[in-house]
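J.: Sequence order for the protein chains is R and G. Under this note's numbering, the residues of the first sequence are numbered 155 to 591, in order. Under this note's numbering, the residues of the second sequence are numbered 2 to 104, in order.
Keep in mind the hints are simulated off the structure, nothing from the lab. There may be inaccurate statements among the hints.
As the list claims (entries may be wrong) - No farther apart than 30 Å at their CA atoms in a straight line, the calculated lysine-lysine pairs in the DSS-like style are these:
id, chain 1, residue 1, chain 2, residue 2
1, G, LYS42, R, LYS196
2, G, LYS22, R, LYS419
3, R, LYS269, R, LYS196
4, R, LYS419, G, LYS8
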Amino acid sequence: MATDVSNKFDVIVVGAGLAGLSAAYTCARAGLETIVIERGTKPGTKNVMGGVLYTQPTARVFPEFWKDAPVERPVLEQGAWILTKDSVIKLSYRSQRFAQEPPNAFTVLRVKLDKYFADQAEEAGALIICETLVEEVLTEGERVIGVRCGRPEGELYAPIVILAEGVNSELTRQLGMQTDLKPTDAASVVKEIIRLDREVIEERFNLSGPDDGLTIEMYGDATAGLLGTGFLYTNQDSLSLGVGCLLSQLVDCPHTPYSMLQRLKQHPMIAPLIEGGESGEYMSHLIPEGGYNRMPQLFGHGVLVVGDAAMLVNGVHREGSNHALLSGLLAAQTAVEAHEKGDFSGRVLSHYRARLLEETPTLHDLRKYRNASTYMERHPAVLTTYPELASDAIYEMLKVDDVPKRQKQWEIVRMALRARSLTGMAWDAIDGARSML
Amino acid sequence: MEYQNVKERNKGLVDALYLVKYETDESESHLKVIDAELCRKCEDKLCIVRCPAEVYLWDEAKDELEIAYENCLECGACRIVCPFDNIEWRYPRGGFGVAYKFG
Numbered sequence: 155m156a157t158d159v160s161n162k163f164d165v166i167v168v169g170a171g172l173a174g175l176s177a178a179y180t181c182a183r184a185g186l187e188t189i190v191i192e193r194g195t196k197p198g199t200k201n202v203m204g205g206v207l208y209t210q211p212t213a214r215v216f217p218e219f220w221k222d223a224p225v226e227r228p229v230l231e232q233g234a235w236i237l238t239k240d241s242v243i244k245l246s247y248r249s250q251r252f253a254q255e256p257p258n259a260f261t262v263l264r265v266k267l268d269k270y271f272a273d274q275a276e277e278a279g280a281l282i283i284c285e286t287l288v289e290e291v292l293t294e295g296e297r298v299i300g301v302r303c304g305r306p307e308g309e310l311y312a313p314i315v316i317l318a319e320g321v322n323s324e325l326t327r328q329l330g331m332q333t334d335l336k337p338t339d340a341a342s343v344v345k346e347i348i349r350l351d352r353e354v355i356e357e358r359f360n361l362s363g364p365d366d367g368l369t370i371e372m373y374g375d376a377t378a379g380l381l382g383t384g385f386l387y388t389n390q391d392s393l394s395l396g397v398g399c400l401l402s403q404l405v406d407c408p409h410t411p412y413s414m415l416q417r418l419k420q421h422p423m424i425a426p427l428i429e430g431g432e433s434g435e436y437m438s439h440l441i442p443e444g445g446y447n448r449m450p451q452l453f454g455h456g457v458l459v460v461g462d463a464a465m466l467v468n469g470v471h472r473e474g475s476n477h478a479l480l481s482g483l484l485a486a487q488t489a490v491e492a493h494e495k496g497d498f499s500g501r502v503l504s505h506y507r508a509r510l511l512e513e514t515p516t517l518h519d520l521r522k523y524r525n526a527s528t529y530m531e532r533h534p535a536v537l538t539t540y541p542e543l544a545s546d547a548i549y550e551m552l553k554v555d556d557v558p559k560r561q562k563q564w565e566i567v568r569m570a571l572r573a574r575s576l577t578g579m580a581w582d583a584i585d586g587a588r589s590m591l
Numbered sequence: 002m003e004y005q006n007v008k009e010r011n012k013g014l015v016d017a018l019y020l021v022k023y024e025t026d027e028s029e030s031h032l033k034v035i036d037a038e039l040c041r042k043c044e045d046k047l048c049i050v051r052c053p054a055e056v057y058l059w060d061e062a063k064d065e066l067e068i069a070y071e072n073c074l075e076c077g078a079c080r081i082v083c084p085f086d087n088i089e090w091r092y093p094r095g096g097f098g099v100a101y102k103f104g
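Let's have the full structure, built from the sequences with the hints guiding it.
T.: Below, the structure written as C-alpha cells:
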C-alpha cells in the first residue's frame, strides 16, 4: 500500500467484478469510504462471461448506463438450437418490443465493461487498488475486521468486508461460510472471441444494423450430449462462441474443454457462421452451478458474500450478471444501514439476505430451480436421445417420398419406444415438470 | 477419456494460448502437487483431462506430474476434479497471471 493511504476504511470490497463494483459504487455514492482490492492488472482483466448483461437490473445500480457504457449489441433475438450430429432444430424469438429503448439485454465483453463500471465507482469516490491479492480475512473472535493483502504492510481494516471474489471463493471458505466446491457445483466453460467484420456479422445473422444483435443457446450435440450448453452471441465486430459442461459430467467424456470447443466450431451448422473469422482470444472460467442448495452463508459478523462467490447463478436461464449486480447493490445498502446504526453484527447484516428475498427475484428463482441440474444428471436422455428423436421425426415428416403420413407417424412412435420406454418417457416428463415448473 | 490422449485432442491449443496475454510470475508456481505419490496412484488424472490450457501433463520419464503454470487460465477446475484434493491451488500473486483483452 502507498503510505499516504490510510489503512482504515468504512467498507472493503474484495474483487472488482460486477458484484464488487456494484457494491463499491453504491457504498461510495452513499458517502462510505470504500476500497476495492483487485488482483488483476486492471478491473476486468480476470473476468469472463458469455456474456449477456440485462438492462433493468443493471440500471438499478447504474441508471441509464446504456447511454455511454461500452455494450456490444442489444439483444433483439434469442434462439435455442437443439443440435444433432447433422441437423438443427431452431427455436427463435424476435420482437420489436426488445428494440424499444432501453432494450431488455445487451451482449458485452467484460474487460471493456468492467473498466467502465470501475470508472463509475472511482468517480463516486471509491478507491480501487489493482495488482493486489487478498490472502486472508482478518478476524477478531467471530467478527471480520479486515483483510490482509499479499504485499508488505498489506493489512486493511473496515467494519464490513464484502466478498466479491468470484467462483473460486477462497476467502468465503476460509471463514467457514462455504465448503469446498464439488464437481457438481461448477461448470467449466471455454470461449473464443472470433473476429469478423460487422457487415459480415449483420448479413450472416440477418441483423438490421449495429443496434441489432442476437444470442443463441445450443443444446444436444453442442456438448456431445453432456449436461451443458453451447452459446453464440453477436458482438459489434466479433462473435462470442463457447461451450460449457458441468464438471461432474466430464469424467467419461472423450473431449478436453479445448477439443469440445473445436468440435462445436466444426459442426456443420456452426462452421458456416464463423467462417473467415479470426481468433481474437481463448479463455476459460467456471460458472457456479450449485444453486440454492449450495449457497454459502450470505452474511456474518462484519462480512457479506455477493455474486458468484455466493453461487447466485440461475443456470437454466443463463442469468448470473443480474444477480451479481443486484447482490452487490443490496449488500452495499445493508452496509450503509449498518454504518447508520453503528451495528455491524450478523443481526443487522442479515438484512442483506432479507433484501435479496424481498427486492429481487434472485433467491426465488434459485429456489425454483434448485433441482434442475440434478434433474439433468438423472435424465441424460433429455440431452441425448430426445434431440435425436425430434430431429429424426421432423426429418421423416418433412421428407416427401412414397410412404403415407400415417405410416410415418407410427414409425416415429415405434422409433421413440425403441429409444426410450413409455415409463421412461413418463418419468422424464413428470420429474421434469416437478424440477422445472 | 485417457489422459495419454490429451496432447492429440488439444491440437491447435498452442496457437490459441499464444493469443492470450499473461504476466508470468517467474519466481514461483501458484499450482503445486501436495503428494506426488498420490498422482502416481491416480488412474484418471482428471487434472490433465479437464484443464482447458494443458497446464498438466504426465512426464513418463520422471513418472510425475509436470505443471506448466504459466499457461494457467485460473479457472480452478483442476482442484475441484482432483479426487484426492491433491492440488495446492492459489491465485497467482497480485498483478500476475492471465490478463484478458476481451473477457
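J.: Now, for every hint given, state plainly whether the structure supports it.
T.: Against the structure, the hints come out as follows:
Proximity of LYS42(G) to LYS196(R) is assessed by CA-CA distance (about 41 Å); at most 30 Å being required, the pair is judged violated. Distance hint between LYS22(G) and LYS419(R) is fulfilled; the C-alpha atoms sit about 23 Å from each other, no more than 30 Å. Only pairs whose Cα atoms come within 30 Å are accepted, and LYS269(R) paired with LYS196(R) is accepted, the gap being roughly 7 Å. Taking the CA atoms of LYS419(R) and LYS8(G), the gap is near 19 Å; set against the 30 Å cutoff, the hint holds.
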